[in-house]
Structures are given as structure tokens and as C-alpha cells.
Amino acid sequence: MIKESYRVVFRRDIVPHLPACAKDKSWFGEGDISRPCDVNAKHRPYHHSTEIW
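The opening residue of the sequence shown carries number 1 in full-length UniProt numbering; numbering runs sequentially from there.
I should point out that these hints are in silico values taken from the structure, not numbers from a laboratory. Please read these numbers as outputs of a predicted model, since none were measured by experiment. Wrong hints could be hidden among the right ones.
[Unchecked claim] Here are the computed lysine-lysine pairs in the DSS-like style, where the Cα-Cα straight-line distance is at most 27 angstroms:
hint, residue 1, residue 2
1, K3, K25
2, K42, K25
3, K23, K3
4, K3, K42
5, K42, K23
[Unchecked claim] Pair ranges (Cβ atoms, derived):
hint, residue 1, residue 2, range
6, R35, V9, 18 to 24 angstroms
7, V15, A41, 16 to 22 angstroms
8, N40, R11, 15 to 21 angstroms
9, N40, K3, 26 to 32 angstroms
10, V39, L18, 14 to 20 angstroms
11, E51, S26, 19 to 25 angstroms
12, S5, K42, 17 to 23 angstroms
13, R12, N40, 16 to 22 angstroms
14, R11, H43, 27 to 33 angstroms
15, A41, R12, 26 to 32 angstroms
All residues carry an ideal CB built from backbone N, CA and C; glycine is no exception.
Whenever a hint applies, use it, and build me the whole structure from the sequences.
Right, here's the structure in full:
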């Protein structure tokens, strides 16, 4: 298991946002607008939870 992972992105880089991942529908956070990716969604793209801009 990887304990720490992150992605370094440029502000104009569209790749971190495509293709869209399956969202974790059980997550309830402030605003409820952007949910994290579902780590259990097999056969779907996954995005790092931490991006460094």
C-alpha cells in the first residue's frame, strides 16, 4: 500500500481532471460540491486526492 501520494500540476493542465472519476457518494463534506473519488470503484479512473499547484 502506498502511504503517501500526490500529483504536481500546472494551472492550465487539463489532465488532472480528465477522465472523470467515480465519485464517493457516501462522503458528506462542506458544500457537497466536490466529492473525492471512490477508491472502491473498480474499472474506473482514479485521481490523487492531493494535488500540488
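Compare the structure with the hints numbered earlier in the document and write down the numbers of the violated ones, lowest to highest. 8, 9, 13
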